[in-house]
Amino acid sequence: AAMSRKGRKLLVDSLTRSAKHFTKSEVECLIKLFDTLVAKASSQFAGAGFDRTVFRDTLYNAFGMTDNVVLDRVFGIFDKDNTGCITVEEWVEGLAVLLRGTLEEKMKYCFTIYDLNGDGYISKEEMFQMLKHSLLIQPADEEPDEGVKDLVEIALKKMASTYFFVLFLLQDYDHDGKLSFTDFEKAVRDENLLLEAFGPCLPDIK
Amino acid sequence: IFSKASISLEDSESSSETDEDEQPVRRQEGSTDLSAEYWGIQKLAKYVKGGDPTATLIALCSMRDFNLSEETCQLAIKDTGCLEVLINLLDTEEIKCQTGSLKILKEISQNILIRHAIADLGGLEIMVKILDSPDTNLKCLAAETIANVARFKRARKIVRKHGGIKKLVELLQSISVASSYQAKDTETVRCAALALWSCSKSTKNKKAIRKAGGIPLLARWLKCSHANILIPMVGTLQECASEPSYRLAIRTEGMIENLVKNLSSEHEELQMHCASAIFKCAEDEEIRDLVRKHEGLQPLSALLDKSENKQLLAAVTGAIWKCAISRENVLKFQEYKTIETLVTLLTDQPEEVLINVIGALGECCQEEENRGTIRRSGGIAPMVTLLTATNPALLVNVNKAVGGCAMEPENMAIIDSLDGVRLLWSLLKNPNPDVQASAAWALCPCVENAKNSGEMVRSFVGGLELIVNLLKSKDKEVLTSVCAAIANIAKDQENLAVMTDHGVVPLLSKLANTNNNKLRRHLAEAIAHCCMWGSNRVAFGEAKAVAPLARYLKSKDPLVHRATAQALYQLSEDPNNCVIMHENGVVKLLLAMVGSTDDTLQEAAAGCIANIRRLALATEKAKYG
Chain A
1 AAMSRKGRKL LVDSLTRSAK HFTKSEVECL IKLFDTLVAK ASSQFAGAGF
51 DRTVFRDTLY NAFGMTDNVV LDRVFGIFDK DNTGCITVEE WVEGLAVLLR
101 GTLEEKMKYC FTIYDLNGDG YISKEEMFQM LKHSLLIQPA DEEPDEGVKD
151 LVEIALKKMA STYFFVLFLL QDYDHDGKLS FTDFEKAVRD ENLLLEAFGP
201 CLPDIK
Chain B
1 IFSKASISLE DSESSSETDE DEQPVRRQEG STDLSAEYWG IQKLAKYVKG
51 GDPTATLIAL CSMRDFNLSE ETCQLAIKDT GCLEVLINLL DTEEIKCQTG
101 SLKILKEISQ NILIRHAIAD LGGLEIMVKI LDSPDTNLKC LAAETIANVA
151 RFKRARKIVR KHGGIKKLVE LLQSISVASS YQAKDTETVR CAALALWSCS
201 KSTKNKKAIR KAGGIPLLAR WLKCSHANIL IPMVGTLQEC ASEPSYRLAI
251 RTEGMIENLV KNLSSEHEEL QMHCASAIFK CAEDEEIRDL VRKHEGLQPL
301 SALLDKSENK QLLAAVTGAI WKCAISRENV LKFQEYKTIE TLVTLLTDQP
351 EEVLINVIGA LGECCQEEEN RGTIRRSGGI APMVTLLTAT NPALLVNVNK
401 AVGGCAMEPE NMAIIDSLDG VRLLWSLLKN PNPDVQASAA WALCPCVENA
451 KNSGEMVRSF VGGLELIVNL LKSKDKEVLT SVCAAIANIA KDQENLAVMT
501 DHGVVPLLSK LANTNNNKLR RHLAEAIAHC CMWGSNRVAF GEAKAVAPLA
551 RYLKSKDPLV HRATAQALYQ LSEDPNNCVI MHENGVVKLL LAMVGSTDDT
601 LQEAAAGCIA NIRRLALATE KAKYG
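Chain order of the listed sequences is A and B. Residue numbering for the first sequence follows full-length UniProt numbering, beginning at 1 and increasing consecutively. Residue numbering for the second sequence follows full-length UniProt numbering, beginning at 1 and increasing consecutively.
Keep in mind the hints are simulated off the structure, nothing from the lab. Possibly wrong hints are sitting among the right ones.
What the hints assert, rightly or not - On the chain A side, residues computed to face chain B include the following (Cβ under 7 Å):
#, residue
1, Gly-7
2, Lys-132
3, Ser-134
4, Leu-135
5, Ile-137
6, Glu-153
7, Ile-154
8, Leu-193
9, Leu-194
10, Leu-195
11, Ala-197
12, Leu-202
13, Pro-203
Stated by the list, open to error - From the structure, some residues in chain B lie toward chain A, with a derived Cβ separation under 8 Å:
#, residue
14, Leu-57
15, Cys-61
16, Asp-65
17, Cys-224
18, Pro-350
What the hints assert, rightly or not - Cross-link-like lysine-lysine pairs, in silico, DSSO-like; alpha carbons within 30 Å at most:
#, chain 1, residue 1, chain 2, residue 2
19, A, Lys-186, B, Lys-43
20, B, Lys-49, A, Lys-149
21, A, Lys-132, B, Lys-43
22, A, Lys-149, B, Lys-43
A virtual CB, placed ideally from N, CA and C, is assigned to each residue, including glycine.
With the rest of the complex left out, here is chain A (with noise of 0.2 Å):
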């Protein structure tokens, strides 16, 4: 629907006090995009919103990002109320985290996305599914996916603090070790470079 002139100055007012990473002028930018890309879709959300395709594509045109996986989880956070639709106040404050977002932000970010069962937790079988394409040369007597499990033990050593304890416990490797997001967390804030340990998930800087 068509907005009068009061109407759109009330939504960039209040976007960029929600996003709080815009200024105005970048809001009102960012709004006109928007406005494009409802043109462009399908008019099935009946002008308050694209969808899922349209989003992969502008993502991808926009950022590079190739990862149909990781974009859908993407697509995820950015609806909120599920709706399959974004709005353009899921838009805006969307992408505030993406380009713009404080490492707290961009930690809740990432960790959402791998995540993926959305139970608070990485568990080795996320990280084992994020991780399986990620060996581009297999030692030829080992078994393929055993590289792979080989790297999900090292990541979880390195950022769970619940690893160590239950090592000494039991002595081989089929205990549960998980990722909360403390941990998440504490190891993003030592080392930033983990902060896409399980895929890009960010745009490029270039």
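Given chain A's structure and the hints, the job is docking chain B onto it.
Frame of chain A; chain B shown alone:
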């Protein structure tokens, strides 16, 4: 890391820090058992080599959990081939991977073997390229790692050849000094300065820094107040201060003011580098004056109390030494009772401190008052003890100081009672010509001021033969100083007779053909005094010493004139010499000097001319009856 102070001024590579230019030899490992670290690192290396950037990063971050400052880990990284992988990562465009790799390289490059390996594998060139990266953090890491690796000559050359010096200097411009001190902004400058400091140890790099416009930037940053930036800046300056072009800039860009100001910093390392910089550039008289004008002498003197920090003490005493070359500075030091404090530092100090302390005292001795101060503070005895040292640089300074003190008869008595003159005389046998020369110079006032000087000299067995034989030396300074000493010794008739027996006349005559004014002066004095025995006058004439002496009168140096006139006067007592002098146009030259204000010169000139005229007259009379 860069904790050793730079003391020796003669090194062409400037720093006295042991340079690691030979390929370092690996310490033999005890057992062939590879450590746990080795296997751990090898496992991680697998993921770095075979993983995508995500896996690589996980592995790199895990690698940092090993104690990378331990040699076993460092060498494990090298031996597993991980080092090559780390360097290859630097060559990618993946900023996160480059960052992860550099974080490790920065740590392990503290190890000398790793440094050499990094250079061998071409890592330095890549790091220099990374200095252009848009990522600030990456630039800082690259610069800091370069700072570590460039601790040997070949590495420093590589940095220069790949344009690294220029880039590092440019990084110093990244923010202005006055702008807000956001930690991130100044970090770039700090890291670049650290790298430049390392690189500046090579002479060619000092030039490169200057050509890249580094000096005004150093001057600019010297005004900031962050110790962690100031330290590498002053460190670099102090390295480069051995170059005259830097000293010129130090004078003209007002850097002395900042150096003096930072002498009062609370960071001892910063104080040390400032003192060291002053030490190096106080070779220039103008800088010595500037130090005084900016009230730098007092803080220097006060720093002598920090005697536990030996590196600081060495730098401070060095600065005081060189500043004391200027008389006005010595007078100031007297006000601050610096001399008394220096005397307390004559014992129980490491050699690098002693050299400077004694150097300073030697300069201070030029002022009469201080010779007494040193005695009253009990300084003579420790000084004489130092005459038994073996370090040539130390000995040279000790000789000068002892000589300076010996100008005071009361001091001389103490020196003599402690056997100081004999020790000095033995130093004439030292293989180092600088030590020989300084010993001979010191002997001059000793011989002049000692009681029963003649007897004392005779008591040194073989002493006169020794000193006469030094006239065969090839070193100009040795010759000059020995001539001066002989001039003094020859005042005693008996000793002159002995020296004559040892052939002093032909040896002196052989030296006559010289253009060196300092040598000419002392040689002429020696000849003048040696004339006063037996037939030495005739012998000098026969040894063909007269004609060259005549030429000395053409020099522009008044001290040469005076000494030559005295020698010629003595020589002119022999008629044959008069003939030679006449033939060489001596009369005309001496006539010009008869009107001199220098009494000694005047008398000698007049006396010589009179002798020549008398002979001419007698010859005339003989001819014409």
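Checklist entry - Which of the listed hints are broken here? => result As far as the earlier hints go, 1, 2, 6, 10, 12, 13, 17, 18 are violated by this structure, in ascending order.
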